[in-house]
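**Student:** Next come the chains, spelled out residue by residue.
2 protein chains.
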Amino acid sequence: MRLDKLGEFGLIDRIRKMIKTDSSVIKGSGDDCAVLKFDKGRYLLATCDTIVEGVDFVRKDKPYLIGRKSLAVSLSDIAACAGIPRYALVSLGLPKRYTVEFVDSLYKGIRDLAKRYELNLIGGDLSRAERLFINTSVLGWVEKRYLVLRNGARVGDIIFVTGTLGDSHLGGHLRFQPRIKEARFLVRNFKINAMIDISDGLIQDLSHILEESRVGAVIYETLLPQARYIHNLKDILYRGEDFELLFSLSNKEAKRLLRKRLPIFSPIGEIVKKNYGLILIDKDNRKKQLAIRGLQHF
Amino acid sequence: MRLDKLGEFGLIDRIRKMIKTDSSVIKGSGDDCAVLKFDKGRYLLATCDTIVEGVDFVRKDKPYLIGRKSLAVSLSDIAACAGIPRYALVSLGLPKRYTVEFVDSLYKGIRDLAKRYELNLIGGDLSRAERLFINTSVLGWVEKRYLVLRNGARVGDIIFVTGTLGDSHLGGHLRFQPRIKEARFLVRNFKINAMIDISDGLIQDLSHILEESRVGAVIYETLLPQARYIHNLKDILYRGEDFELLFSLSNKEAKRLLRKRLPIFSPIGEIVKKNYGLILIDKDNRKKQLAIRGLQHF
Numbered sequence: 001m002r003l004d005k006l007g008e009f010g011l012i013d014r015i016r017k018m019i020k021t022d023s024s025v026i027k028g029s030g031d032d033c034a035v036l037k038f039d040k041g042r043y044l045l046a047t048c049d050t051i052v053e054g055v056d057f058v059r060k061d062k063p064y065l066i067g068r069k070s071l072a073v074s075l076s077d078i079a080a081c082a083g084i085p086r087y088a089l090v091s092l093g094l095p096k097r098y099t100v101e102f103v104d105s106l107y108k109g110i111r112d113l114a115k116r117y118e119l120n121l122i123g124g125d126l127s128r129a130e131r132l133f134i135n136t137s138v139l140g141w142v143e144k145r146y147l148v149l150r151n152g153a154r155v156g157d158i159i160f161v162t163g164t165l166g167d168s169h170l171g172g173h174l175r176f177q178p179r180i181k182e183a184r185f186l187v188r189n190f191k192i193n194a195m196i197d198i199s200d201g202l203i204q205d206l207s208h209i210l211e212e213s214r215v216g217a218v219i220y221e222t223l224l225p226q227a228r229y230i231h232n233l234k235d236i237l238y239r240g241e242d243f244e245l246l247f248s249l250s251n252k253e254a255k256r257l258l259r260k261r262l263p264i265f266s267p268i269g270e271i272v273k274k275n276y277g278l279i280l281i282d283k284d285n286r287k288k289q290l291a292i293r294g295l296q297h298f
Numbered sequence: 001m002r003l004d005k006l007g008e009f010g011l012i013d014r015i016r017k018m019i020k021t022d023s024s025v026i027k028g029s030g031d032d033c034a035v036l037k038f039d040k041g042r043y044l045l046a047t048c049d050t051i052v053e054g055v056d057f058v059r060k061d062k063p064y065l066i067g068r069k070s071l072a073v074s075l076s077d078i079a080a081c082a083g084i085p086r087y088a089l090v091s092l093g094l095p096k097r098y099t100v101e102f103v104d105s106l107y108k109g110i111r112d113l114a115k116r117y118e119l120n121l122i123g124g125d126l127s128r129a130e131r132l133f134i135n136t137s138v139l140g141w142v143e144k145r146y147l148v149l150r151n152g153a154r155v156g157d158i159i160f161v162t163g164t165l166g167d168s169h170l171g172g173h174l175r176f177q178p179r180i181k182e183a184r185f186l187v188r189n190f191k192i193n194a195m196i197d198i199s200d201g202l203i204q205d206l207s208h209i210l211e212e213s214r215v216g217a218v219i220y221e222t223l224l225p226q227a228r229y230i231h232n233l234k235d236i237l238y239r240g241e242d243f244e245l246l247f248s249l250s251n252k253e254a255k256r257l258l259r260k261r262l263p264i265f266s267p268i269g270e271i272v273k274k275n276y277g278l279i280l281i282d283k284d285n286r287k288k289q290l291a292i293r294g295l296q297h298f
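These protein sequence lines are chains P and U, in that order.
Here the first sequence stands for residues 1 to 298, numbered as in this note's numbering.
Here the second sequence stands for residues 1 to 298, numbered as in this note's numbering.
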């Protein structure tokens with residue numbers, strides 16, 4: 001069977017089922033980061049992501065921004081687990097014909113972002129490749145009491161997103177700020193039940209929370225925070241690479257958060273029982289059952 | 001300037017010079033693994049490697065062996081630091097036209113090797129790519145007293161290699177056993193001063209030890225352990241991907257090791273002062289100054 005018939009998530013499920021881990025692994029594959037035993041108060045987080053020319057960026061994108069994105073996508077995974085990023089390994093696959101200046105700019109993009117988060121670049125690997133790719137593996141940690149996974153959403157929770165949605169194709173996917181600070185603010189001040197970053201589209205990533213938490217959700221079109229110039233609902237619901245945080249917390253905690261009047265956090269709906277599935281209330285107040293789909297690599 | 005003009009090690013040097021790390025990083029890039037503070041008795045080791053279709057393997061190689069190699073190269077880096085591998089993240093870049101059966105075999109190769117070393121596969125990433133690539137990031141640990149780096153070789157040390165050299169192009173590069181057990185045996189029983197794995201060729205990798213330790217070396221052609229069917233000195237000296245260990249220890253420790261009569265460890269020469277450079281004594285007892293070269297990706 002060809003891979004594109006099984007699909008990305010079919011393949012991931014297939015691989016996950018084959019793998020066993022020992023008791024030092026709190027959470028293996030299937031969340032934004034792997035979560036490992038570390039010390040008395042903290043877990044170690046590990047995540048990796050690859051970006052590939054022609055898929056995640058194009059040849060004419062600025063090398064500075066390509067480098068920056070390669071690290072930012074992994075930092076976004078650390079943010080989704082409410083962690084602090086500490087170390088990164090960077091592997092480059094480079095076509096021979098590329099210039100040293102290109103690689104310099106690419107690394108400057110990586111270095112500047114690393115500096116902002118006091119992240120150590122601890123090594124990596126260089127390979128020759130036909131098309132540029134960059135893999136970053138990031139290690140970080142999170143206090144045990146602050147860890148948030150995808151599986152903790154409860155019926156009655158209010159669902160929030162950070163920032164705005166839908167403009168990744170206008171360059172947002174190269175310039176987004178990983179929501180490390182927002183995630184840390186949230187877990188320090190509120191009890192967050194579930195969190196994920198929106199890499200594959202709002203609906204796809206929300207459905208990961210719903211599946212892992214065995215719940216359903218209702219979201220409201222009028223509440224969705226649209227990026228400037230974006231009026232297409234499909235872009236907001238299904239286009240990937242917003243790299244915003246999607247999270248849920250109890251009604252009581254949500255009220256406390258709303259009282260702070262922080263425009264970066266928008267409530268968009270609520271968690272309901274699993275049998276409701278995923279429902280959108282559109283701007284004319286009509287109920288629509290949503291199919292779960294989004295960005296898939298195959 | 002094009003990358004192939006600067007060369008792989010030129011580029012690595014250039015990148016290394018740009019990077020600063022904090023005091024939690026015992027050793028950043030420039031050794032087989034990054035070495036990080038961990039707990040009272042141990043360091044955390046982190047390494048990553050990518051293998052690329054058409055460079056590190058070809059399309060007609062068995063997927064099982066391709067998967068196995070992708071993990072084995074990183075395990076070899078952990079071995080070079082005398083560590084115990086614990087966790088691996090696997091990132092795949094996959095062409096759409098590949099089959100599910102291909103990916104199953106590839107993962108079986110990874111899983112079987114992971115099982116042998118009680119390594120946890122904790123996650124990864126899937127991307128679409130024109131050509132297959134696999135990146136593995138491996139975490140492990142090493143007792144502080146057992147850590148071995150490239151920089152500890154001393155004048156008078158005896159240089160050893162494990163196994164035999166030169167047959168990587170006959171399929172050895174797909175079937176080698178990472179020398180985890182041998183490395184652990186060595187550090188548990190001897191004081192090892194410097195160690196590296198032979199990925200870029202004996203001479204290239206020996207020169208990394210010499211540079212980092214600021215010393216020179218004399219090696220003896222007649223002592224080099226040749227793989228079966230290999231009689232070409234160039235294959236033994238310069239061909240990469242043997243993934244054997246190259247290490248040095250004091251004359252006294254070397255005598256203790258030799259007394260054990262373990263055929264897997266072969267003495268091949270000794271460490272001398274830096275100004276001698278790197279000398280080969282050939283089978284006719286002639287001295288030859290060796291140029292430092294080996295496998296470069298650019």
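Hints listed in this document are in silico derivations from the structure and should not be mistaken for laboratory results.
Check the hints yourself; a few may be wrong.
Since copy identity is lost for identical chains, a pair holds within one copy or between any two.
As the list claims (entries may be wrong) - The calculated DSS-like cross-link candidates involving lysine-lysine, where the alpha carbons are at most 25 Å apart (straight line), are:
(1) K60 <-> K96
(2) K96 <-> K17
(3) K62 <-> K274
(4) K288 <-> K5
(5) K20 <-> K108
(6) K252 <-> K96
(7) K144 <-> K181
(8) K60 <-> K5
(9) K255 <-> K60
(10) K96 <-> K5
(11) K37 <-> K144
(12) K20 <-> K115
(13) K37 <-> K273
(14) K115 <-> K17
(15) K96 <-> K115
(16) K288 <-> K60
(17) K62 <-> K273
(18) K283 <-> K273
(19) K62 <-> K191
(20) K20 <-> K234
**Student:** It remains to establish, for every hint, whether it holds in the given structure.
**Tutor:** To see whether the hints hold, each was checked on the structure:
1. Taking the shortest Cα distances, K60 and K96 sit within 25 Å of each other both inside one copy (17 Å) and across copies (24 Å).
2. Taking the shortest alpha-carbon separations for K96 and K17, only the inter-copy value of 22 Å comes in at or below 25 Å, while the best intra-copy value is 38 Å.
3. For the identical chains of this complex, K62 and K274 are neighbours neither inside a copy (44 Å) nor across copies (44 Å), given an alpha-carbon limit of 25 Å.
4. Taking identical chains as interchangeable, the C-alpha atoms of K288 and K5 are never at most 25 Å apart, the minima being 27 Å within one chain and 59 Å between chains.
5. Proximity of K20 and K108 under a CA criterion of 25 Å is satisfied inter-copy only: 13 Å between copies versus 39 Å inside one chain copy.
6. Taking identical chains as interchangeable, the C-alpha atoms of K252 and K96 are never at most 25 Å apart, the minima being 57 Å within one chain and 47 Å between chains.
7. Taking the shortest alpha-carbon separations for K144 and K181, only the intra-copy value of 18 Å comes in at or below 25 Å, while the best inter-copy value is 34 Å.
8. When the C-alpha separation of K60 and K5 is checked against a cutoff of 25 Å, the pair qualifies only between copies, where the shortest distance is 23 Å, while the shortest distance within a copy is 31 Å.
9. Taking the closest pair of Cα atoms, K255 and K60 never come within 25 Å of each other, the shortest separation being 45 Å inside a single copy and 60 Å across copies.
10. Taking identical chains as interchangeable, the C-alpha atoms of K96 and K5 lie at most 25 Å apart only when they sit on different chains, with a minimum of 9 Å there against 34 Å within one chain.
11. Both within a single protomer and between protomers do K37 and K144 lie at most 25 Å apart by alpha-carbon distance, with minima of 10 Å and 19 Å respectively.
12. With identical chains, the CA atoms of K20 and K115 are at most 25 Å apart between copies only, with a shortest distance of 9 Å across copies and 36 Å within one.
13. With identical chains, the CA atoms of K37 and K273 are never at most 25 Å apart, being 32 Å at best within one copy and 45 Å at best between copies.
14. Proximity of K115 and K17 under a CA criterion of 25 Å is satisfied inter-copy only: 15 Å between copies versus 38 Å inside one chain copy.
15. With identical chains, the CA atoms of K96 and K115 are never at most 25 Å apart, being 29 Å at best within one copy and 36 Å at best between copies.
16. Proximity of K288 and K60 under a CA criterion of 25 Å is satisfied in neither setting, with 40 Å inside one chain copy and 49 Å between copies.
17. With identical chains, the CA atoms of K62 and K273 are never at most 25 Å apart, being 45 Å at best within one copy and 47 Å at best between copies.
18. Taking CA atoms no more than 25 Å apart as the test, K283 paired with K273 passes inside one copy only; the shortest distance there is 23 Å, against 79 Å between copies.
19. For the homomeric pair K62 and K191, neither the shortest alpha-carbon distance inside one copy (39 Å) nor that between copies (49 Å) is at most 25 Å.
20. Taking the closest pair of Cα atoms, K20 and K234 never come within 25 Å of each other, the shortest separation being 38 Å inside a single copy and 43 Å across copies.
When each numbered hint is compared with the structure, violations occur for hints 3, 4, 6, 9, 13, 15, 16, 17, 19, 20.
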